[in-house]
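A.B. asks: Model the full structure from these sequences, guided by the hints.
Protein chains in written order, with the UniProt record's numbering: chain A, 1 to 189; chain B, 1 to 189; chain C, 1 to 189; chain D, 1 to 189.
Be a bit skeptical, because a hint or two may be false.
[Said to hold, decoys possible] Below 27 Å or equal to it, Euclidean Cα-Cα: the simulated DSSO-like pairs (lysine-lysine) are:
#	chain 1	residue 1	chain 2	residue 2
1	D	K42	B	K42
2	B	K42	C	K42
3	C	K42	A	K42
4	A	K52	A	K42
5	A	K52	C	K42
[Stated by the list, open to error] Some residues of chain A that are not near chain B, with every Cβ distance over 12 Å (derived):
#	residue
6	G39
7	G41
8	Y46
9	D58
10	T61
11	D149
12	L164
[To be verified] Computed spacing ranges between beta-carbons, pair by pair:
#	chain 1	residue 1	chain 2	residue 2	range
13	C	G39	A	G25	34 to 40 Å
14	A	T15	B	R95	39 to 45 Å
15	C	A92	B	T27	52 to 58 Å
16	A	A36	C	E32	24 to 30 Å
Rather than coming from a laboratory, the hints here were simulated on the basis of the structure. Cβ atoms here follow ideal geometry from the backbone N, Cα and C, with glycine treated the same way.
Residue-level listing of the chains:
There are 4 protein chains.
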Amino acid sequence: MTPRRNENSRRAILTAALELLTETGYTAVTIEAIAARAGVGKQTIYRWWRGKGAVILDALTDGLPDVIELPDSGDLRTDLREVLRATVAEFADPRMSATTRALTIETLADDDLAAQVRDRLLRPQLDAVRARLASARDAGQVRPDAPLDQVVELLFGPLYHRWLLRNGPLTDTYADGIVDLTLAAVTPR
Amino acid sequence: MTPRRNENSRRAILTAALELLTETGYTAVTIEAIAARAGVGKQTIYRWWRGKGAVILDALTDGLPDVIELPDSGDLRTDLREVLRATVAEFADPRMSATTRALTIETLADDDLAAQVRDRLLRPQLDAVRARLASARDAGQVRPDAPLDQVVELLFGPLYHRWLLRNGPLTDTYADGIVDLTLAAVTPR
Amino acid sequence: MTPRRNENSRRAILTAALELLTETGYTAVTIEAIAARAGVGKQTIYRWWRGKGAVILDALTDGLPDVIELPDSGDLRTDLREVLRATVAEFADPRMSATTRALTIETLADDDLAAQVRDRLLRPQLDAVRARLASARDAGQVRPDAPLDQVVELLFGPLYHRWLLRNGPLTDTYADGIVDLTLAAVTPR
Amino acid sequence: MTPRRNENSRRAILTAALELLTETGYTAVTIEAIAARAGVGKQTIYRWWRGKGAVILDALTDGLPDVIELPDSGDLRTDLREVLRATVAEFADPRMSATTRALTIETLADDDLAAQVRDRLLRPQLDAVRARLASARDAGQVRPDAPLDQVVELLFGPLYHRWLLRNGPLTDTYADGIVDLTLAAVTPR
DNA sequence: CAATAACCGAGACGGTACGTCGAGTCTTCGC
DNA sequence: GCGAAGACTCGACGTACCGTCTCGGTTATTG
Numbered sequence: 001m002t003p004r005r006n007e008n009s010r011r012a013i014l015t016a017a018l019e020l021l022t023e024t025g026y027t028a029v030t031i032e033a034i035a036a037r038a039g040v041g042k043q044t045i046y047r048w049w050r051g052k053g054a055v056i057l058d059a060l061t062d063g064l065p066d067v068i069e070l071p072d073s074g075d076l077r078t079d080l081r082e083v084l085r086a087t088v089a090e091f092a093d094p095r096m097s098a099t100t101r102a103l104t105i106e107t108l109a110d111d112d113l114a115a116q117v118r119d120r121l122l123r124p125q126l127d128a129v130r131a132r133l134a135s136a137r138d139a140g141q142v143r144p145d146a147p148l149d150q151v152v153e154l155l156f157g158p159l160y161h162r163w164l165l166r167n168g169p170l171t172d173t174y175a176d177g178i179v180d181l182t183l184a185a186v187t188p189r
Numbered sequence: 001m002t003p004r005r006n007e008n009s010r011r012a013i014l015t016a017a018l019e020l021l022t023e024t025g026y027t028a029v030t031i032e033a034i035a036a037r038a039g040v041g042k043q044t045i046y047r048w049w050r051g052k053g054a055v056i057l058d059a060l061t062d063g064l065p066d067v068i069e070l071p072d073s074g075d076l077r078t079d080l081r082e083v084l085r086a087t088v089a090e091f092a093d094p095r096m097s098a099t100t101r102a103l104t105i106e107t108l109a110d111d112d113l114a115a116q117v118r119d120r121l122l123r124p125q126l127d128a129v130r131a132r133l134a135s136a137r138d139a140g141q142v143r144p145d146a147p148l149d150q151v152v153e154l155l156f157g158p159l160y161h162r163w164l165l166r167n168g169p170l171t172d173t174y175a176d177g178i179v180d181l182t183l184a185a186v187t188p189r
Numbered sequence: 001m002t003p004r005r006n007e008n009s010r011r012a013i014l015t016a017a018l019e020l021l022t023e024t025g026y027t028a029v030t031i032e033a034i035a036a037r038a039g040v041g042k043q044t045i046y047r048w049w050r051g052k053g054a055v056i057l058d059a060l061t062d063g064l065p066d067v068i069e070l071p072d073s074g075d076l077r078t079d080l081r082e083v084l085r086a087t088v089a090e091f092a093d094p095r096m097s098a099t100t101r102a103l104t105i106e107t108l109a110d111d112d113l114a115a116q117v118r119d120r121l122l123r124p125q126l127d128a129v130r131a132r133l134a135s136a137r138d139a140g141q142v143r144p145d146a147p148l149d150q151v152v153e154l155l156f157g158p159l160y161h162r163w164l165l166r167n168g169p170l171t172d173t174y175a176d177g178i179v180d181l182t183l184a185a186v187t188p189r
Numbered sequence: 001m002t003p004r005r006n007e008n009s010r011r012a013i014l015t016a017a018l019e020l021l022t023e024t025g026y027t028a029v030t031i032e033a034i035a036a037r038a039g040v041g042k043q044t045i046y047r048w049w050r051g052k053g054a055v056i057l058d059a060l061t062d063g064l065p066d067v068i069e070l071p072d073s074g075d076l077r078t079d080l081r082e083v084l085r086a087t088v089a090e091f092a093d094p095r096m097s098a099t100t101r102a103l104t105i106e107t108l109a110d111d112d113l114a115a116q117v118r119d120r121l122l123r124p125q126l127d128a129v130r131a132r133l134a135s136a137r138d139a140g141q142v143r144p145d146a147p148l149d150q151v152v153e154l155l156f157g158p159l160y161h162r163w164l165l166r167n168g169p170l171t172d173t174y175a176d177g178i179v180d181l182t183l184a185a186v187t188p189r
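C.D. replies: Written out as structure tokens, the structure reads:
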């Protein structure tokens with residue numbers, strides 16, 4: 001019994017969700033509003049998604065690559081700076097920021113969704129950085145005993161922290177500083 | 001024109017909010033429920049608070065000290081481990097976690113509230129750690145050029161990151177690892 | 001696009017409204033109470049009625065005949081006495097009186113409703129009396145030039161007046177007196 | 001203990017009530033609005049009046065004569081027409097009409113108020129007409145056995161009826177017709 | 001190549017909570 | 001010591017969405 005799902009409806013819903021998110025902000029994104037804008041019955045949404053969060057997640061990940069490849073210039077510091085600066089840029093973009101914010105909210109109240117967000121949205125990014133660190137370790141630029149998982153979070157954690165708590169400006173300079181500190185922690189003496 | 005505010009009502013509201021939060025979870029915390037349990041008119045809540053988030057924040061910070069003093073055993077590593085382990089414990093405690101979760105949700109949708117949470121709830125903690133780091137720097141245990149603000153976030157960022165994204169277990173071991181990495185980054189060679 | 005209205009809800013609402021009116025009096029008739037007793041969402045009421053008054057009106061006119069037939073005994077005085085005494089009885093019955101009272105209140109603040117009450121509740125009665133008068137005129141019992149519309153109001157006006165202003169007892173005797181006076185005015189000399 | 005009542009407040013309240021009534025309609029006349037406009041505490045109103053209706057009644061009767069004297073031109077028809085046309089004019093004036101409407105509403109829900117309205121506002125008028133009818137009876141223009149109380153209501157009842165139920169235009173012609181009918185009923189043959 | 005079942009849009013339904021308004025009571029403070 | 005100012009509890013208002021549930025209408029296999 002293959003589910004005979006209407007592709008037009010699916011896309012209309014995801015598009016509507018994204019538009020509402022960027023145009024009117026998170027609180028305006030309701031199932032009812034999505035359905036209305038997509039020209040779709042509410043049931044059609046509930047039939048295929050568990051709720052608002054799942055829709056938004058799908059809207060964001062639709063057409064995203066599963067695996068991210070990081071540049072490898074040979075110089076770890078350069079590459080990490082690039083990655084973290086890109087993350088800063090994402091947070092600075094109001095649309096992206098609003099979206100991430102929305103997803104994070106849903107995430108806090110829904111463990112299933114949290115797992116999905118983690119696996120489909122964040123993991124690829126973290127894994128890519130981890131892979132880059134591993135190759136750097138192989139090249140002797142990183143201490144062989146460095147706990148790479150923690151190092152990855154040492155890089156991204158502060159950025160999320162600052163974004164979440166608005167604990168100060170989130171700039172390229174800040175990103176570079178975090179990279180420098182992290183490298184100081186893992187560079188072989 | 002001093003606002004003649006009823007202290008009994010105020011306390012009943014904050015108490016009710018806390019109780020609901022720990023007893024029945026975040027979704028059960030509605031203005032209506034708070035008012036009912038506190039034996040108070042809804043208007044009295046709206047008169048003094050902007051919304052659910054503001055009430056919860058007040059409930060949490062009511063009677064909290066403005067300045068936190070960190071223990072100073074002389075050994076920075078010991079002290080930081082203690083602080084980070086305490087944070088891990090807070091995240092592990094379902095009550096505290098639910099509360100933080102609730103506040104974070106509200107925070108994401110309300111900039112004013114975010115600022116308040118940051119200044120009244122988080123800052124004291126961060127500042128205390130920063131002060132401890134400063135004293136360690138004076139004692140020569142930390143590189144004199146270390147950017148202390150960033151170092152503080154290097155410590156807490158990963159914890160929040162892991163809590164938010166459930167990116168792995170949040171244990172004392174993890175906390176210790178973060179402390180070690182951070183100290184490796186800032187210890188004078 | 002036929003409105004797929006739930007007949008059960010409709011009837012539950014009208015029944016609940018009538019019951020509340022007779023059991024607990026007009027002030028207890030709130031949309032909220034009607035909804036609760038009918039086991040219905042408030043929105044379902046607001047979807048189909050403009051407000052309390054419209055619901056009550058519908059409750060009263062639901063299943064009422066559009067046209068009223070008056071008895072015609074051949075003797076006008078007898079027939080009119082019967083009609084006016086029935087009206088007096090209605091005003092004397094606390095249930096009917098409460099209902100009329102309620103509707104009248106709503107009527108005073110809502111022109112649309114007033115028109116509906118007039119057309120669906122009062123007009124049939126007035127028209128019936130007018131028809132009886134017309135037949136009496138044809139039978140030569142009423143002056144051919146009598147303005148029947150005014151004569152009808154000459155009959156009912158004083159009753160309403162006395163009910164509204166509690167300007168004295170509202171009894172069968174009074175009703176009979178009004179009939180006599182009116183007939184004196186329109187009987188051919 | 002003579003009530004040391006503030007005359008300024010009293011007048012401010014009555015004035016405010018009248019103004020609100022004519023400016024914004026009945027539903028806008030709330031105790032709160034009256035108090036605000038009068039620059040008076042709500043308590044001051046509740047201290048001296050039973051509620052909205054009592055205030056409005058006082059506002060209307062303040063400075064009204066207790067006894068009304070009807071013109072006596074010698075011709076009953078002329079005099080009655082004048083009185084009824086004046087009543088029609090009052091009903092036609094939106095301000096007066098709104099006011100009467102408001103009072104009538106209150107009246108329906110408050111027996112005490114109803115008695116007051118009847119005695120202080122309506123009775124003088126009705127009594128005056130009754131007195132004129134009595135003098136006409138003495139002059140032989142009205143049947144000696146005519147029940148004057150009912151005759152008075154035969155005159156005013158239809159007007160109220162038509163006003164209340166918007167049962168047709170309320171014009172001088174109509175008033176004249178009622179006078180004619182009534183006189184036909186009571187003129188000696 | 002019908003029939004039949006899942007999907008679709010539409011939107012009504014029973015609910016819950018929202019944030020506001022006014023009622024009538026109670027308290028504080030200034031004139 | 002009155003009275004303005006207004007905070008208080010209470011309850012209803014009318015609205016917004018929730019998630020579920022028909023209702024016809026429209027595909028698009030499958031018997």
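A.B. asks: Run the structure past the numbered hints and jot down the numbers of the failing ones, going up.
C.D. replies: Checked against the structure, the hints that fail are numbers 11, 12, while the rest are satisfied.
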